[in-house]
Amino acid sequence: MLNIVNKSPAERSALDACLRIAAPGAILLIEDAVYAAVRGTTGAAKIAGALDRFKVYALLPDLEARAVADRVIDGVTTVDYGGFVDLVAEHNACQSWL
Amino acid sequence: MSEGTSKKFMFVNRTAPYGTAYALESLEVVLITAAFDQDVSLVFVDDGVWQLKKGQQTKGIETKNFSPTYRALEGYDVEKLYVERESLEARGLAEADLIVDVEVLDSAALGKLMAEQDVVLSF
Amino acid sequence: MKFGILVNEGPYQHQASDSAYLFCKAALAKGHAIQRVFFYHDGVNNSTRLTEPPQDDRNIVTRWSQLAADHGVDLVVCVAAALRRGIKDENLAPGFRISGLGQLVETGIQADRLVTFGD
Chain A
1 MLNIVNKSPA
11 ERSALDACLR
21 IAAPGAILLI
31 EDAVYAAVRG
41 TTGAAKIAGA
51 LDRFKVYALL
61 PDLEARAVAD
71 RVIDGVTTVD
81 YGGFVDLVAE
91 HNACQSWL
Chain B
1001 MSEGTSKKFM
1011 FVNRTAPYGT
1021 AYALESLEVV
1031 LITAAFDQDV
1041 SLVFVDDGVW
1051 QLKKGQQTKG
1061 IETKNFSPTY
1071 RALEGYDVEK
1081 LYVERESLEA
1091 RGLAEADLIV
1101 DVEVLDSAAL
1111 GKLMAEQDVV
1121 LSF
Chain C
2001 MKFGILVNEG
2011 PYQHQASDSA
2021 YLFCKAALAK
2031 GHAIQRVFFY
2041 HDGVNNSTRL
2051 TEPPQDDRNI
2061 VTRWSQLAAD
2071 HGVDLVVCVA
2081 AALRRGIKDE
2091 NLAPGFRISG
2101 LGQLVETGIQ
2111 ADRLVTFGD
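Chains as they are written, first to last, in this note's numbering: chain A, 1 to 98; chain B, 1001 to 1123; chain C, 2001 to 2119.
For reference, chain A alone in the conformation it holds in the complex (with noise of 0.2 angstroms):
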């Protein structure tokens, strides 16, 4: 299951309930939710400390809008459209958390 998150920690609890709903699998972080990949943050924390259990995207023309490209932390991959359309291509179903 690709997990996808679109709203920032600190505002909505989308991540927080996708990580602790979620089965282990992919999470691709877009739109707000970028932010919780950005080093420093307390959304930063709870993805670091998921990294065991999921695998963790975030959409890079998101974070260059927001000037945050060159914060993520280590463990996050970043992709690009092209690369969501993967994501979403090889997982067998996807979820958006809104």
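Bear in mind the hints are in silico, worked out from the structure with no lab data behind them.
Treat the numbers as computed from the prediction; the structure is a model and nothing was measured.
For glycine and all other residues, C-beta sits at the position ideal for the given N, C-alpha and C.
Treat the hints with care, since some could be wrong.
As the list claims (entries may be wrong) - Subject to a maximum C-alpha distance of 35 angstroms in a straight line, what follows is the list of computed DSBU-like cross-link-like pairs (lysine-lysine): (1) B:K1008 to C:K2002; (2) B:K1008 to A:K55; (3) B:K1008 to A:K7; (4) C:K2025 to A:K55; (5) C:K2030 to A:K46; (6) A:K7 to C:K2002; (7) B:K1054 to B:K1064; (8) C:K2030 to A:K55; (9) B:K1080 to B:K1064; (10) B:K1007 to C:K2030.
To be verified - Some chain A residues flagged as far from chain C (calculated, every beta-carbon gap over 10 angstroms): (11) G25; (12) T41; (13) A50; (14) L51; (15) F54; (16) D70; (17) R71; (18) D74; (19) T78; (20) V85.
What the hints assert, rightly or not - What follows is a list of derived Cβ distance ranges for each label pair: (21) A:L51 to C:E2090: 51 to 57 angstroms; (22) C:T2062 to A:G40: 38 to 44 angstroms; (23) A:G49 to B:Q1057: 40 to 46 angstroms; (24) C:R2084 to B:K1059: 19 to 25 angstroms; (25) C:N2091 to B:Q1057: 50 to 56 angstroms; (26) C:N2091 to A:G40: 46 to 52 angstroms; (27) B:K1008 to C:K2088: 33 to 39 angstroms; (28) B:G1075 to C:E2090: 34 to 40 angstroms; (29) B:A1094 to A:D16: 21 to 27 angstroms; (30) A:D86 to B:I1099: 40 to 46 angstroms; (31) A:D86 to B:K1054: 43 to 49 angstroms; (32) B:E1095 to C:P2094: 47 to 53 angstroms; (33) A:D86 to B:S1006: 26 to 32 angstroms; (34) C:N2091 to A:A89: 34 to 40 angstroms.
Position chains B and C against the provided structure of chain A, taking the given hints into account.
Chains B and C alone, transformed into the frame defined by chain A:
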């Protein structure tokens, strides 16, 4: 549509009723999906569990009370309703507070169930 | 692979419609098919031809119409959600059509993956 195609559809409800229209409009999709003879399950997580709280009185906000619809789901053969235990407890709720019979599952059991789905819709 | 797309938010207010569009473009570029884009909730507001963004901004509605024209992508607007929000055939942009929620369920059944973009 090819005849007899049945997929596992799961609807994940994480939003409270009335503040936004997601809960109401989600219910509309659930009913249509059931009409397509698909394997439908509903999950209530986080503030989504408030959708099932007994005793909703919406006269004062001049909005339709759609909570009785959850009780009608059985008539559409939608019988798989799951509530996350952690979400329920974090809101001071017990099963007796809910308008319908549900199966209460812990986070891990719910995650396992989600991983088995073909289509997961979250509203 | 056949992708189905669900857009739950309107244009300009949320990034959902932009993300969905860019996903579709990337998928088509890779040779995948977009089986259908279904617009639900406030997402139905992506379909009105009365939309007029400032000159220096992207035109989200026209972009979807262009995708339909170039690639034959089926753009479906939920009738119940549309009528609630004042979207009718007379103000529908090219390439969009209004239909029932059954079209969303059909996409879930027929597409290999259904990707949701929302709030």
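Hints versus structure:
1. Annotation: proposed proximity of B:K1008 to C:K2002 holds, straight-line Cα distance about 18 angstroms (limit 35 angstroms).
2. For the proposed pair B:K1008 and A:K55, the alpha carbon gap of about 25 angstroms is at most 35 angstroms, so the pair holds.
3. Between B:K1008 and A:K7 the alpha-carbon distance is near 26 angstroms, which keeps this suggested pair within the 35 angstroms criterion.
4. For the hint pairing C:K2025 with A:K55, the CA-to-CA distance comes to about 25 angstroms; that is within 35 angstroms, so the pair holds.
5. Of the supplied pair hints, the one linking C:K2030 and A:K46 holds, its CA atoms being roughly 33 angstroms apart against a limit of 35 angstroms.
6. Proximity of A:K7 to C:K2002 is assessed by CA-CA distance (about 27 angstroms); at most 35 angstroms being required, the pair is judged to hold.
7. Between the alpha carbons of B:K1054 and B:K1064 the distance comes to roughly 15 angstroms, so the proposed pair stays at or under 35 angstroms and holds.
8. For a cut-off of 35 angstroms, the pair hint linking C:K2030 to A:K55 stands: about 23 angstroms separates their Cα positions.
9. A C-alpha spacing of about 25 angstroms is found between B:K1080 and B:K1064, which places the hinted pair at or below 35 angstroms, so the restraint holds.
10. For the hint linking B:K1007 to C:K2030, the alpha-carbon distance of about 26 angstroms falls within 35 angstroms, and the restraint holds.
11. Even its closest Cβ contact with chain C, about 14 angstroms, leaves A:G25 beyond 10 angstroms, as expected for a residue assigned away from the interface.
12. No Cβ of chain C approaches the Cβ of A:T41 within 10 angstroms, the least distance being about 19 angstroms, so the stated non-interface status holds.
13. No Cβ of chain C approaches the Cβ of A:A50 within 10 angstroms, the least distance being about 22 angstroms, so the stated non-interface status holds.
14. Consistency note on A:L51: stated as away from chain C, and its beta-carbon is indeed over 10 angstroms from all of that chain's, at 24 angstroms minimum.
15. Annotated as non-interface, A:F54 keeps its C-beta farther than 10 angstroms from every C-beta of chain C; the closest such distance is 19 angstroms.
16. Against chain C, the non-interface label of A:D70 holds: every CB pair exceeds 10 angstroms, the least being about 21 angstroms.
17. With a minimum CB-CB distance of about 20 angstroms to chain C, A:R71 clears the 10 angstroms threshold, and the non-interface call stands.
18. With a least CB separation of 26 angstroms from chain C, A:D74 remains clear of the 10 angstroms interface cut-off, as annotated.
19. Remark: the non-interface label on A:T78 is consistent with the geometry, its nearest Cβ contact in chain C lying 15 angstroms away (cut-off 10 angstroms).
20. Annotated as non-interface, A:V85 brings its C-beta within 10 angstroms of a C-beta of chain C; the closest such distance is 5 angstroms.
21. At roughly 52 angstroms, the beta carbons of A:L51 and C:E2090 sit within the given window of 51 to 57 angstroms.
22. Between C:T2062 and A:G40 the beta carbon distance is about 40 angstroms. The supplied range of 38 to 44 angstroms therefore holds.
23. At roughly 42 angstroms, the beta carbons of A:G49 and B:Q1057 sit within the given window of 40 to 46 angstroms.
24. A beta carbon spacing of about 21 angstroms between C:R2084 and B:K1059 agrees with the range 19 to 25 angstroms that was offered as a hint.
25. Between C:N2091 and B:Q1057 the CB atoms are about 37 angstroms apart, so this pair departs from the stated range of 50 to 56 angstroms.
26. The given range of 46 to 52 angstroms is respected by C:N2091 and A:G40, whose C-beta atoms sit roughly 47 angstroms from each other.
27. Under the hint 33 to 39 angstroms, the C-beta atoms of B:K1008 and C:K2088, about 35 angstroms apart, fit the expected range.
28. At about 37 angstroms, the beta-carbon gap between B:G1075 and C:E2090 stays in the expected band of 34 to 40 angstroms.
29. A hinted range of 21 to 27 angstroms holds for the C-beta pair B:A1094 and A:D16, which are about 23 angstroms apart.
30. For A:D86 paired with B:I1099, a C-beta distance near 43 angstroms keeps the hint of 40 to 46 angstroms intact.
31. One distance hint, 43 to 49 angstroms for the beta-carbon pair A:D86 and B:K1054, holds here, with the actual separation near 46 angstroms.
32. Between B:E1095 and C:P2094 the Cβ separation comes to about 51 angstroms, which falls inside the hinted range of 47 to 53 angstroms.
33. The beta-carbon spacing between A:D86 and B:S1006, approximately 28 angstroms, falls within the hinted interval of 26 to 32 angstroms.
34. Our hint of 34 to 40 angstroms for C:N2091 and A:A89 holds, since their Cβ atoms are close to 36 angstroms apart.
Of the numbered hints stated above, those contradicted by the structure are hints 20 and 25, listed in ascending order.
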